[in-house]
Structures are given as structure tokens and as C-alpha cells.
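*Asks:* Residues per chain, in single letters:
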Amino acid sequence: MNPIVAQNPPVATPFFFYLLAAAMIIGGILVITRKNAVHSALALITALLAQAGLYLMLYAPFVAAVQILLYAGGIMVLFLFVIMLISIERTMKERQFNSQWLIGIVAAAALGGLFITVFTKGKSLFPDGHFTYAESGNTQAVADLLYGPHTGMYMFSFEIASLLLLVAIIGAVVMAKKRI
Amino acid sequence: MDAMLHISTLHYLVLGAALFLLGVIGVLTRRNVVIVLMSIELILNAVNLNLVALSRYWQGMPARMGGGAGALHGQVFAIFVITDAAAEAAVGLGILIAFFRNKETVNIDEVNLLKW
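One line per chain: the protein sequences are A and B, in this order.
If you read the first sequence in the numbering used here, its first letter stands for residue 1, the second for the next number, and so on.
If you read the second sequence in the numbering used here, its first letter stands for residue 1001, the second for the next number, and so on.
Rather than coming from a laboratory, the hints here were simulated on the basis of the structure.
Owing to the predicted nature of the structure, the values given are computational and were not obtained by experimental measurement.
Hints may be right or wrong, so weigh each one.
[To be verified] Selected chain B positions facing chain A (Cβ under 10 Å, derived; list incomplete):
# : residue
1 : 1013
2 : 1019
3 : 1031
4 : 1096
[To be verified] Far from chain A, by Cβ distances over 12 Å, these chain B residues were calculated:
# : residue
5 : 1091
6 : 1113
7 : 1116
We treat Cβ as the ideally placed atom computed from N, Cα and C, and that holds for glycine.
Produce the entire structure from the sequences given, and follow the hints as far as they go.
*Replies:* Below you can see the structure in the form of C-alpha cells.
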């Protein structure tokens, strides 16, 4: 194996990792605790942008660009549009957490215990494979996997995804019609 | 201290698990449908982070095990998950608008027509 070593090795990786991780965690906490849905959406945008930074640190610039364009640019604008279509004044006066919140917290804590068990017991399964790859060919490599004549093993999945998007467009238009 | 300062795949997986938990808590406890949908987006993003981190890990594996610089299957899957998230958000927000038009609320506790 002959890894392509990046010309400039990354600097201060732990600092940026913890900075972006803190931005993501704080953003996530704000998403689920804010009363105003617009504030939640802004916190989610912050978390998504921090996640794009993490993708860059993982040598995935194409996924990072897609994350910013599609998630922070497309999906969140859709969310903000819908928040402005519905009236949030009444919702903000109501109780924010439902009556099963304690059961929900307990279930999430059980899931968290499972995660902790898996990550402490299975730590040896994930040795630190710190190989650095140049990211210059990343977009081309992703495109080869998607459309390449010999390596394009995800061509069919790509067509299925386009069909899914068509179904989603029709479904969204039908659901948002005046009379359903 | 060395484990803290040397960022490995496990760090990303733990971060993904934490985000997943935040999303699960949001889905299970909030009453506002918009925020429930945003929590679902958090869950999908946690999965995406895991996929991309494991893709990077797999790139470091030997070529006989399918690794190498071109082993970007996790990133391709992340792109598919983003596509699904877009479809889910469009349909979910369409349903939300239909629901708001009929009930004049976005409280998820009011969605109880199928309740026994």
C-alpha cells in the first residue's frame, strides 16, 4: 500500500476538532431546548456548518461542500420558510416538552449506556489509522464510484435516489395543496 | 492525555453518538413538530459523521481488504443520506403544513387520530 501523503500535514488538529465538536454539541443542545423554532433552526445551521468543518478534517471536501450547499443552504431555508408559514406565537406560550419526557430521557439514557458500553469495550476495534490522504482527487474519486464505467458500483442507487426525489417532490406538492 | 490529544476515528464516533442521543432526546420529548423534524436532521447528521469517519478509517486499511485511497464508499453513502434527508424534510414539512391547516397548531400531541 502506498498512501498518498498530503503535502502539508494538518496543523493543530485536536484544537480544531474540539472547537468544532463543541460547536456541534452546543448547537444540538440549543436545537432541542430553545422555545422559539427560529432560534432552533439557527442553532442547527451552526451545528451543520461545524460538521462541514469536521468533514474537511476527515479529507472529505466534496461531502463538506454538499453539506453546506444542500443542508445549510437548502434544507434549512425550507425549514425557515415553513416556520414563517405557521404561526409560532401560540406555540411559544405553550408547554414545550410533552408529558412522556421522563420516559423519553430514560430511554435515551439507556441508549447512551449502550453507546458507552460499545465504545469502551470495542475500543480496540478502532485503532488509530492516522493516514493522511491528499484531498485533491476526492471529488473525482467520489464521481468514479458513482458514475465510473468500471468502478461505478452506485449507478443504480443513484437512479433510485433520483426516483426518490421525484416521489418526494410529488408528495410535498400534494400534501401542501389546499384540499387533500 | 495522549488519547485526548491524538484525534482518532473513535473521537468522531463518540461525537456522532452524542449527537444521535441529542436528536433522540429531541424527538422523544419535544411537542413542536418543527423541532422534532430538526431533531431527525440531527440524527441523520450523526449517522453521516459516522459514515465519513469510518470511510476515512477504511482508506487506511490495506488494499487486500478493500482499502486504499479510492475506498470512499462511506462518503458516497453520506451523499445518499443527505439526499434522503432532503426528501424527508420536503415531505415532512408538507405534511406539517397540511396538519397546521387542519388543526391550527403544530403541537404533536394533537396528532392522535390513530390513537386507540
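*Asks:* Would you mind marking each hint as holding or not holding in the structure?
*Replies:* These are the hints, each one checked on the structure:
The beta carbon of residue 1013 of chain B comes within 7 Å of a beta carbon in chain A, closer than 10 Å, and the hint placing it at the interface holds. Checking residue 1019 of chain B against chain A: minimum C-beta separation of about 5 Å stays under 10 Å; hint holds. Hint status for residue 1031 of chain B: holds, given a least beta-carbon distance of 5 Å to chain A, under 10 Å. For the restraint placing residue 1096 of chain B at the interface with chain A, the shortest Cβ-Cβ distance is roughly 6 Å, inside the 10 Å limit, so the hint holds.
Distance check for residue 1091 of chain B against chain A: the nearest CB is about 5 Å away, which does not clear 12 Å, and the non-interface claim fails. The beta carbon of residue 1113 of chain B sits about 14 Å from the closest Cβ of chain A, which is more than 12 Å, so the claim that it is off the interface holds. For residue 1116 of chain B, the condition that its CB be more than 12 Å from all CB atoms of chain A holds, with the nearest at approximately 16 Å.
Of the numbered hints stated above, the single one contradicted by the structure is hint 5.
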